[in-house]
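Participant: This is what each chain is made of:
There are 2 protein chains.
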Amino acid sequence: MSRSIRIAIDAMGGDHGPAVSVPGAAMALERRPDLRFVMTGDEAVIGPLLAARPALQAATTVKHTTVAVAMDAKPSQALRQGRYHSSMWMALEAVKQGEADIAVSAGNTGALMAMAKFCLRTMGGVDRPAIAGLWPTMRGESIVLDIGATIGADAAHLVDLAIMGAAMARIVLDIETPSVGLLNVGVEEVKGLEVVKEAGRILREGHLPHLNYIGFVEGDDIGKGAADVVVTEGFTGNIALKTAEGTARQFASYLRSAMSSSWMARLGYLLAKSAFDSLKEKMDPRRANGGVFLGLEGIVIKSHGGTDALGFASAIELGYDMARFDLLSNIRGMVLGKDGPPADPKIP
Amino acid sequence: MSRSIRIAIDAMGGDHGPAVSVPGAAMALERRPDLRFVMTGDEAVIGPLLAARPALQAATTVKHTTVAVAMDAKPSQALRQGRYHSSMWMALEAVKQGEADIAVSAGNTGALMAMAKFCLRTMGGVDRPAIAGLWPTMRGESIVLDIGATIGADAAHLVDLAIMGAAMARIVLDIETPSVGLLNVGVEEVKGLEVVKEAGRILREGHLPHLNYIGFVEGDDIGKGAADVVVTEGFTGNIALKTAEGTARQFASYLRSAMSSSWMARLGYLLAKSAFDSLKEKMDPRRANGGVFLGLEGIVIKSHGGTDALGFASAIELGYDMARFDLLSNIRGMVLGKDGPPADPKIP
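Going down the list, the protein sequences come from chains S and E.
Those letters in the first sequence? Residues 1 to 348, per the working numbering, in order.
Those letters in the second sequence? Residues 1 to 348, per the working numbering, in order.
Same shape as in the complex, but just chain S:
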């Protein structure tokens, strides 16, 4: 029998703290019984929630602290006040000490990235860490990175993003040789940033193992699923992601008001309700909850701060898959593969 997957959970993170993270963990455990948890946070709050869930309690070790990083804390402030003692830091420390395979937090992104860099350190061979997101497409899901870790990128960093994204796609999307596209603009006159072109040249000529570079993609190619991995620097990636989220919400709101605009429409809505429900499920942002921090000596998952238990469970299950198939070693292998021999495929 295979070993357990151990997840460190910053139980105090997010808008709702343990009220979401504990039931979320319980939900994930039901579906993946080989999960084990290290929960960091206030035992006085976590304890009773665990006591009401005996199966979860049996699978969980609590590390007590009353220090929690505020959702609006600045990264520098969070580091000053929360280093070593906060629930966020202690979850990362559990990964560093080998007590957990992966850390999950719904806490504030900037603070989490600052602490993760400080605690786990950037991986050798990687310039700077990145945040990768799962993007629902017409063909399934793609991975888009960087969605906001660092602003600006040189060609070498874009190549690192391609490699780390491909390693994640092999595991999360289960594709042996994922296709990788560089996000660019299509207007003839400009044809994109010099660094994007240079990164394209390196990817095309580098013949990197386990990565199928397909060239430039445009904004509307992301939703088409034109590439398994879409690479861009953090400013543009963050704006593309939020613009897509905003457009989806806009469409949903139009649809809602159209469906309540007349009694015929309301009746039609009732008849088509199960179709609408499946549409709603398809567009449910909780299904793809979790930005994955890549390029550190440890994997960290950032859940949306405002998510509910179902969304938090999705973030845990994303972590489960990445730990089960050892994403970290895969990235390490592929980063080394830039200059050396190809990495070993998935190590289950």
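Warning: the hint list may mix true and false statements.
Because identical chains cannot be distinguished in the list, a pair is counted as satisfied if it fits within a single copy or across any two copies.
Only pairs whose alpha carbons sit at most 27 Å apart, straight line, appear in this in silico DSSO-like list of lysine-lysine [to be verified]:
1. Lys117 with Lys282
2. Lys74 with Lys280
3. Lys197 with Lys273
4. Lys280 with Lys224
5. Lys224 with Lys63
6. Lys74 with Lys63
7. Lys282 with Lys74
8. Lys117 with Lys96
9. Lys224 with Lys282
No wet-lab data here; the hints were simulated from the structure.
For chain S, the structure is supplied; the task is to place chain E on it using the hints.
Facilitator: This is chain E only, laid out in the frame that chain S set:
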């Protein structure tokens, strides 16, 4: 009685050439009888199409040429082969010579911008031209620029974009003091590019007339209509626009397949058909067809290459409003207003 509005039409531009541009002009003329046209292109093709539309024929002067810029021509190639003699150039030349107030082309964007810069020249006080787009929002419409003219921007260029966008919003959205936001990322850690912050400082402290600077906005604020004018450089702007278009298409496709997934859903669809139709109309990209080139000594509208007559008519009508209220003088006044007295409001 007010004078006519004269539009120069590159009749050969776009995927369909005169088959779309001529009926599009006829449609616009029906709604705005004071329109007059200068059509540039092959008289052998345009002539018969006009002959079948006597009202349009009476309102149109044709300037004959058999040279047309290919949709896939590179800007440099287009300039080499099409300068002076192409239908695209001749439409721009008509604006330069004062024979038309505004030029409309569905031809290739890169070539059109290159020729427009060469023929019309960049406006004094403006660094580089930009392309502005109308973006449908929950509150109506916003103007987003730059959506792809130039890549990268310093703070001064972002301020120019804010001023030009506000001038356009005053006319197209009919708002005396439009709100202006700078597109930025919200992740605490990074808080955006230095140039964006610097542009924010200038806009906040500059107290520019006819412009209400509201600070940073994020990708999902565009669709909310959080600002009348959203300012960003061309790389990010182009990717945001195309990502939103892609997401809208993705949602529409999900909706179509949901509505045909069962007979109940199909029946529901039929009952709610008029609601769906109004939704479809709301999302119709033809309603907001046209990128507007700003910052040149003349206004140029780029229609989508693949649009139909209705979409082309929308682009013409957008030009009609901008000429009627003299966008060019407004921009000139507001650009001068950076250092001097406030510009005169709308000059009808």
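Participant: Decide, hint by hint, whether the structure agrees.
Facilitator: Hint by hint, here is what the structure shows:
1. With identical chains, the CA atoms of Lys117 and Lys282 are never at most 27 Å apart, being 34 Å at best within one copy and 46 Å at best between copies.
2. For a Cα distance limit of 27 Å, the shortest separation of Lys74 from Lys280 qualifies neither inside one copy, at 35 Å, nor across copies, at 43 Å.
3. Taking the closest pair of Cα atoms, Lys197 and Lys273 never come within 27 Å of each other, the shortest separation being 47 Å inside a single copy and 47 Å across copies.
4. Taking CA atoms no more than 27 Å apart as the test, Lys280 paired with Lys224 passes in both settings, with 19 Å inside one copy and 20 Å between copies.
5. Taking the shortest alpha-carbon separations for Lys224 and Lys63, neither the intra-copy value of 44 Å nor the inter-copy value of 42 Å comes in at or below 27 Å.
6. Taking CA atoms no more than 27 Å apart as the test, Lys74 paired with Lys63 passes inside one copy only; the shortest distance there is 24 Å, against 62 Å between copies.
7. When the C-alpha separation of Lys282 and Lys74 is checked against a cutoff of 27 Å, the pair qualifies neither within a copy, at 34 Å, nor between copies, at 41 Å.
8. Within a single copy, Lys117 and Lys96 get their C-alpha atoms as close as 11 Å, which meets the 27 Å cut-off; across copies the closest is 57 Å, which misses it.
9. For the homomeric pair Lys224 and Lys282, the shortest alpha-carbon distances inside one copy (15 Å) and between copies (22 Å) are both at most 27 Å.
Violated hints, listed in ascending order, are 1, 2, 3, 5 and 7; each of the other numbered hints is respected by the structure.
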